[in-house]
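Participant: Chains as they are written, first to last, in full-length UniProt numbering: chain V, 1 to 96; chain W, 1 to 96; chain G, 1 to 96; chain E, 1 to 96; chain A, 1 to 96; chain S, 1 to 96; chain Y, 1 to 96; chain X, 1 to 96; chain P, 1 to 96; chain L, 1 to 96.
These are computed hints drawn from the structure, not numbers from a lab.
Since we're looking at a predicted model, the values are computed, not measured.
Heads up, the beta-carbon is just placed ideally off N, CA and C, and yes, glycines get one too.
Do not rely on the hints blindly, as some may be mistaken.
As the list claims (entries may be wrong) - Label pairs and their computed distance ranges (CB to CB):
#, chain 1, residue 1, chain 2, residue 2, range
1, P, D57, W, P12, 46 to 54 angstroms
2, G, F74, L, A17, 53 to 61 angstroms
3, P, P88, G, R41, 56 to 64 angstroms
4, V, A10, P, D57, 36 to 44 angstroms
To be verified - Some residues of chain G that are not near chain E, with every Cβ distance over 12 angstroms (derived):
#, residue
5, T13
6, D14
7, D16
10 protein chains.
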Amino acid sequence: MLFAVKMDVALPTDMDAQLRADTLAREKAYSQELQKAGEWRHIWRCAGQYSNLSIFDVASNDRLHEILWNLPLFPYMTIEVSPLAQHPSDIAVSDS
Amino acid sequence: MLFAVKMDVALPTDMDAQLRADTLAREKAYSQELQKAGEWRHIWRCAGQYSNLSIFDVASNDRLHEILWNLPLFPYMTIEVSPLAQHPSDIAVSDS
Amino acid sequence: MLFAVKMDVALPTDMDAQLRADTLAREKAYSQELQKAGEWRHIWRCAGQYSNLSIFDVASNDRLHEILWNLPLFPYMTIEVSPLAQHPSDIAVSDS
Amino acid sequence: MLFAVKMDVALPTDMDAQLRADTLAREKAYSQELQKAGEWRHIWRCAGQYSNLSIFDVASNDRLHEILWNLPLFPYMTIEVSPLAQHPSDIAVSDS
Amino acid sequence: MLFAVKMDVALPTDMDAQLRADTLAREKAYSQELQKAGEWRHIWRCAGQYSNLSIFDVASNDRLHEILWNLPLFPYMTIEVSPLAQHPSDIAVSDS
Amino acid sequence: MLFAVKMDVALPTDMDAQLRADTLAREKAYSQELQKAGEWRHIWRCAGQYSNLSIFDVASNDRLHEILWNLPLFPYMTIEVSPLAQHPSDIAVSDS
Amino acid sequence: MLFAVKMDVALPTDMDAQLRADTLAREKAYSQELQKAGEWRHIWRCAGQYSNLSIFDVASNDRLHEILWNLPLFPYMTIEVSPLAQHPSDIAVSDS
Amino acid sequence: MLFAVKMDVALPTDMDAQLRADTLAREKAYSQELQKAGEWRHIWRCAGQYSNLSIFDVASNDRLHEILWNLPLFPYMTIEVSPLAQHPSDIAVSDS
Amino acid sequence: MLFAVKMDVALPTDMDAQLRADTLAREKAYSQELQKAGEWRHIWRCAGQYSNLSIFDVASNDRLHEILWNLPLFPYMTIEVSPLAQHPSDIAVSDS
Amino acid sequence: MLFAVKMDVALPTDMDAQLRADTLAREKAYSQELQKAGEWRHIWRCAGQYSNLSIFDVASNDRLHEILWNLPLFPYMTIEVSPLAQHPSDIAVSDS
Numbered sequence: 001m002l003f004a005v006k007m008d009v010a011l012p013t014d015m016d017a018q019l020r021a022d023t024l025a026r027e028k029a030y031s032q033e034l035q036k037a038g039e040w041r042h043i044w045r046c047a048g049q050y051s052n053l054s055i056f057d058v059a060s061n062d063r064l065h066e067i068l069w070n071l072p073l074f075p076y077m078t079i080e081v082s083p084l085a086q087h088p089s090d091i092a093v094s095d096s
Numbered sequence: 001m002l003f004a005v006k007m008d009v010a011l012p013t014d015m016d017a018q019l020r021a022d023t024l025a026r027e028k029a030y031s032q033e034l035q036k037a038g039e040w041r042h043i044w045r046c047a048g049q050y051s052n053l054s055i056f057d058v059a060s061n062d063r064l065h066e067i068l069w070n071l072p073l074f075p076y077m078t079i080e081v082s083p084l085a086q087h088p089s090d091i092a093v094s095d096s
Numbered sequence: 001m002l003f004a005v006k007m008d009v010a011l012p013t014d015m016d017a018q019l020r021a022d023t024l025a026r027e028k029a030y031s032q033e034l035q036k037a038g039e040w041r042h043i044w045r046c047a048g049q050y051s052n053l054s055i056f057d058v059a060s061n062d063r064l065h066e067i068l069w070n071l072p073l074f075p076y077m078t079i080e081v082s083p084l085a086q087h088p089s090d091i092a093v094s095d096s
Numbered sequence: 001m002l003f004a005v006k007m008d009v010a011l012p013t014d015m016d017a018q019l020r021a022d023t024l025a026r027e028k029a030y031s032q033e034l035q036k037a038g039e040w041r042h043i044w045r046c047a048g049q050y051s052n053l054s055i056f057d058v059a060s061n062d063r064l065h066e067i068l069w070n071l072p073l074f075p076y077m078t079i080e081v082s083p084l085a086q087h088p089s090d091i092a093v094s095d096s
Numbered sequence: 001m002l003f004a005v006k007m008d009v010a011l012p013t014d015m016d017a018q019l020r021a022d023t024l025a026r027e028k029a030y031s032q033e034l035q036k037a038g039e040w041r042h043i044w045r046c047a048g049q050y051s052n053l054s055i056f057d058v059a060s061n062d063r064l065h066e067i068l069w070n071l072p073l074f075p076y077m078t079i080e081v082s083p084l085a086q087h088p089s090d091i092a093v094s095d096s
Numbered sequence: 001m002l003f004a005v006k007m008d009v010a011l012p013t014d015m016d017a018q019l020r021a022d023t024l025a026r027e028k029a030y031s032q033e034l035q036k037a038g039e040w041r042h043i044w045r046c047a048g049q050y051s052n053l054s055i056f057d058v059a060s061n062d063r064l065h066e067i068l069w070n071l072p073l074f075p076y077m078t079i080e081v082s083p084l085a086q087h088p089s090d091i092a093v094s095d096s
Numbered sequence: 001m002l003f004a005v006k007m008d009v010a011l012p013t014d015m016d017a018q019l020r021a022d023t024l025a026r027e028k029a030y031s032q033e034l035q036k037a038g039e040w041r042h043i044w045r046c047a048g049q050y051s052n053l054s055i056f057d058v059a060s061n062d063r064l065h066e067i068l069w070n071l072p073l074f075p076y077m078t079i080e081v082s083p084l085a086q087h088p089s090d091i092a093v094s095d096s
Numbered sequence: 001m002l003f004a005v006k007m008d009v010a011l012p013t014d015m016d017a018q019l020r021a022d023t024l025a026r027e028k029a030y031s032q033e034l035q036k037a038g039e040w041r042h043i044w045r046c047a048g049q050y051s052n053l054s055i056f057d058v059a060s061n062d063r064l065h066e067i068l069w070n071l072p073l074f075p076y077m078t079i080e081v082s083p084l085a086q087h088p089s090d091i092a093v094s095d096s
Numbered sequence: 001m002l003f004a005v006k007m008d009v010a011l012p013t014d015m016d017a018q019l020r021a022d023t024l025a026r027e028k029a030y031s032q033e034l035q036k037a038g039e040w041r042h043i044w045r046c047a048g049q050y051s052n053l054s055i056f057d058v059a060s061n062d063r064l065h066e067i068l069w070n071l072p073l074f075p076y077m078t079i080e081v082s083p084l085a086q087h088p089s090d091i092a093v094s095d096s
Numbered sequence: 001m002l003f004a005v006k007m008d009v010a011l012p013t014d015m016d017a018q019l020r021a022d023t024l025a026r027e028k029a030y031s032q033e034l035q036k037a038g039e040w041r042h043i044w045r046c047a048g049q050y051s052n053l054s055i056f057d058v059a060s061n062d063r064l065h066e067i068l069w070n071l072p073l074f075p076y077m078t079i080e081v082s083p084l085a086q087h088p089s090d091i092a093v094s095d096s
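Kindly produce the complete structure, drawing on both the sequences and the hints.
Facilitator: Printed below as a string of structure tokens:
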């Protein structure tokens, strides 16, 4: 089941440098593990912004929440979730 | 070059039934042609809304505009465009 | 899988009376059928507004979209969808 | 009398760990006590957000305010209240 | 139980003159009947706008909805409802 | 001359406890003095929010500003002012 | 007593030409009569928009409403009212 | 004196085809005349939208308003105006 | 050339008292100097808010920016600028 | 490929003076280097605001993001990006 997720990051400008570096490293590792597992299908940077647009493919709303809640950057993020469905014009699902 | 495009459709409730059917058929054919050509990479329905979220892969802003401007449903759409860049955590572009 | 759905209805003030009555009757029958089937778990009127707040329990985003897209009032509605997950304080899912 | 209440939580990222743990424990106990008493009818997590959607069944606006004002997390919350009424299509209240 | 209700009226500029006059007369009579009965406690015009701010004193959310839903101008209104509670500084309810 | 005033209060979560208690006590005394004098006609709590809706009856815009500017909580408030006029359906001012 | 009033005009693009010309002529005469009487102190066009920013000097909220309600363009306007007070830095009212 | 102007166009979907063609032709001629005269310095299409972003270089606010007010598409446009000033980092105006 | 400027002030609640007093004194002197020079034509307090609405009469956008940028309170302000033009109904500029 | 970019700057009012001066000097140098290289085509100050409107001419979305992400003021900015295309009325690209 697919979800589009927009994540906006706002790190405090006076954040401790070590905490910042550690958090970003853990975020990257966490994201890549889920990408390899197939649940985090796409991640794109929104040009000019500290934001990403991602596509998740998960078994349930509960699993989606579990993934997002445990993001190392979660306390610094504003997150918007859009549940996606098949589009009738999608050539992958249409016979016309 | 990737762009996320959100399209919200608002057809008049008193739209002529034949015009409506023709426009929707042309929209589907137009979309599928571009999907097959590889410029319209993804199209998803936003659950519960007459909207889609699409990912385009085009050579330029001008080409993106040309594609969207010629959508048969363009006069009935509100469109939001977000230019996308590679994300440093993307496993497709990262070596970590 | 649970979703909160807010539906705002805007009927044209000059809508044909028979069309209006028929559409409302079909909407009610459609809603009650889904309530009886257990997919439309709650429906409440938002006091003072031509709106409802509903809770759906469905198997997937695709099924949710199918239900909402086929609402007889869909062409007259603005719909907002919020995917819900279990809350750790919910006594139904917590042992504390 | 039913109310839908949306609660968004924003804890300071530098909040004292002990204060945070204590506040969350008190919040959970407070919520579960009211759930058992029947006034806090539902609590759902909004997927991907530090937010919940709840349904309260209380005797009056004053009682609703008393409950919300005394939430241990109240100083960290943004709260939106929607009074609910019976919907004519609700199978629990309709004979059609 | 008190509620603040803001009503914004938008009559079509091409509304039939007789229908308009009849609707406004019925609205006035309906409002005054409820004012005399004590449920519609205050009605003020918002200066410079086709809007009013009203205070209702009703037994329940259901009664509030019933009153508002049956306003002759309801199909032309945008309505915002705010449930009110006693304020601790109110001299009518405070002993300090 | 009547004005509706919505006041939203946002106290810092780390505010000094004594300063907070003093400020709230002064706010209450200040409000009650003006209520007794007849200029602050109504004060209601907005259910579930640290906000009030108040009705003032003052001689001028300048007097209204003087009252609000001197609220002990003014530096912590977001304030919205709506000038009110007599409504033609008000039974207190209508002979129909 | 001063008020800033922003008026945005939206005439239907298919408005009858004679009705339009008559309404605009009546609006201009009405405005100029009030300017000469001293109640409509300033009127400026907002550059690039079918809008004006005006300053009124009236005896009361009720008089302000009466003036605005009777604008020939009132049914086509969105109006925003801001009550003004003396500013302590105004050289006309300050001795510093 | 420079101004950034964003123009969003919304033509009625049932607009008369001849009127539409004539209006668009007049708009293009009008714009190009002002471009050649040097007052309309830049015009860009906002990708995916029936909108443009333009830069004007005019002698005064009054001249800017005169130009925009007389756009053949003005009745169908929403216009946003931003006055521009020299930026201290602009290499055309900086010696550093 | 006229501009309407809305300035909203947000001083930190923990601002140093001496810095605050000095900044406010400098702001007042600065404003009054420009009022006497004729460039700052009007300044009004928005009732109930730490805001003012001002009218400036300056030679250019650059001069307007220079004035506002050098306001002692500029770092604490949110500023909105609206370029104004003559209104055809203004009796000062109309012969009808 | 052209992009309009709006950058709003919000420096903390208690920012270290040396850090502030250094950051601004680096920002200016960085901007001017890109202007000289031809990628940062225009930069204008938005009158009365700590904001600029800029036009970039870059090879790709990725290059645009790289430029903006490395702005010394990036952590203090809110940035809005609008991809631009050729406008059919532009005399530089039109033969009519």
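Participant: For every hint, state whether the structure bears it out.
Facilitator: Against the structure, the hints come out as follows:
no.	hint	verdict
1	P:D57 x W:P12: 46 to 54 angstroms	47 angstroms, holds
2	G:F74 x L:A17: 53 to 61 angstroms	59 angstroms, holds
3	P:P88 x G:R41: 56 to 64 angstroms	60 angstroms, holds
4	V:A10 x P:D57: 36 to 44 angstroms	40 angstroms, holds
5	T13	20 angstroms, holds
6	D14	23 angstroms, holds
7	D16	21 angstroms, holds
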